[in-house]
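According to the numbering used here, the sequence shown is numbered sequentially starting from 1.
Treat the hints as calculated values from the structure; they're not laboratory data.
In this text the structure is predicted, and so the values were computed from the model without any measurement.
Don't be surprised by glycine CBs; every beta carbon is placed ideally from N, CA and C.
Hints are not guaranteed to be accurate.
Using C-beta positions, here's what the derived DEER-type ranges look like [as the list claims (entries may be wrong)]:
#1 Arg305 - Gln188: 33 to 41 angstroms
#2 Lys181 - Lys99: 50 to 58 angstroms
#3 Ile147 - Gln240: 26 to 34 angstroms
#4 Met322 - His125: 41 to 49 angstroms
#5 Met372 - Asn297: 18 to 26 angstroms
Straight-line alpha carbon distances no greater than 30 angstroms define the calculated DSBU-like cross-link-like pairs of lysine-lysine that follow [claimed, not checked]:
#6 Lys369 - Lys337
#7 Lys215 - Lys231
#8 Lys184 - Lys196
#9 Lys65 - Lys184
#10 Lys113 - Lys181
#11 Lys181 - Lys32
#12 Lys269 - Lys181
#13 Lys32 - Lys184
#14 Lys231 - Lys269
#15 Lys181 - Lys215
#16 Lys99 - Lys32
#17 Lys196 - Lys215
#18 Lys181 - Lys65
#19 Lys196 - Lys181
#20 Lys231 - Lys181
#21 Lys99 - Lys113
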Amino acid sequence: MDYNILINGIIHQLFIQNTYMPDDDTLTILNKYFNNTSFTITAFRLTSDNDSDNYQRELSNLIPKYAKRHCSYPVWFYRTEDYNNLLLFNHNNDFNVEKYINEINVYFTDRHKCSFHCGISRTCHTLSEFIFAKKEALTCLEKSFSIKYPDIVSYNSSMTFSSADTFGFYYPEAAAAILYKAVKYNDQSVIDYILKTLSDENLVIRAINPTEMLKLHNAVTNTLMQLNPAKYNFSDNLLQLNLHIISAQKDPELYFNYLSAACHEIADKLNCNRSMRKKLPIHDIQNYILSNYNNANLNLAGTARSFNVSEGYLSSAFKETMGICFAEYLENIRIEKSCELLRSSTDTIVDIAEKTGYNSVYSFRRAFKRLMHISPSDYRTHTTA
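Build out the structure end to end from the sequences listed, making use of the hints.
Given below as structure tokens:
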């Protein structure tokens, strides 16, 4: 497979579609191909006294050629239907995009006697942010034609997106994915960024009505529901948010304040849960199981009480660390110990079942056959012959 063709095709889709979100496999391919840690999108337009379409295109074609020839980092180019041109730079943190764009500006305005206008997005670190970076660059380009702004404009948090499809509420898959990860991993700055983006799009540009506001609320709530509110104890936050949408449906700015508070509180709870999980002594729990596996009453609930944690918390923490659930681990230990007794002792099968924590010889035989694919008696015969 020619990966250059594949990569160029994916990037083309990113450029032309406003809601395109690469799937996980595609992102894996892109992340392997994009060797540098950051990317920035710039949008530019050249104008000159010669206003023919052909000349404008030829002039614009020179910039990506110049960029690829003089930039030490990978550069991709795309032209929109209205002669706006987009450059994607994949770069490291030491690359100063604004300085480089200014060099292009000086070169072309001096050499070709043209006007150069450019918008520069934030520096982004995940390809999931692509559609927002593209929108930022185009917004800045539009502002660069205003007397209030210079010819080269870099995006900042005080700006508002200025163009969009105005039908319905705005909440693309990319926004949902970014919000999900930001809340899950307690990335407070990204939470603020994505909520401001949603606020600008839905309140300022689209001015959505109460019906669309409710649809947006339901979509965002569905994203937060995927983080398992019952398990991580933030059901009350979602309940309060549902109550707020009723009272704030006609005051969307107030609703976004409530939404921001809810997202930050949920992120804090998830972060606190992770911190507690790291402190849970799984090694001590393993030793506890080894010391008590012969007790038929040993189970998850009793072990959780012994370590003063909830049953659900112990279950998820144990599986996350060990790779198998508590019950599987306990049964593996019991069968392992029973194998030792079958090889080294003359105890009866009934006695071995009792010594390894089984209430009945029948449940012992079923468990043994399921794990070892042989009966206890046959195992003893084959290993002691």
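Could you work out which earlier hints the structure fails to respect and list their numbers in ascending sequence?
Those not satisfied are hints 2, 3, 4, 9, 10, 18.
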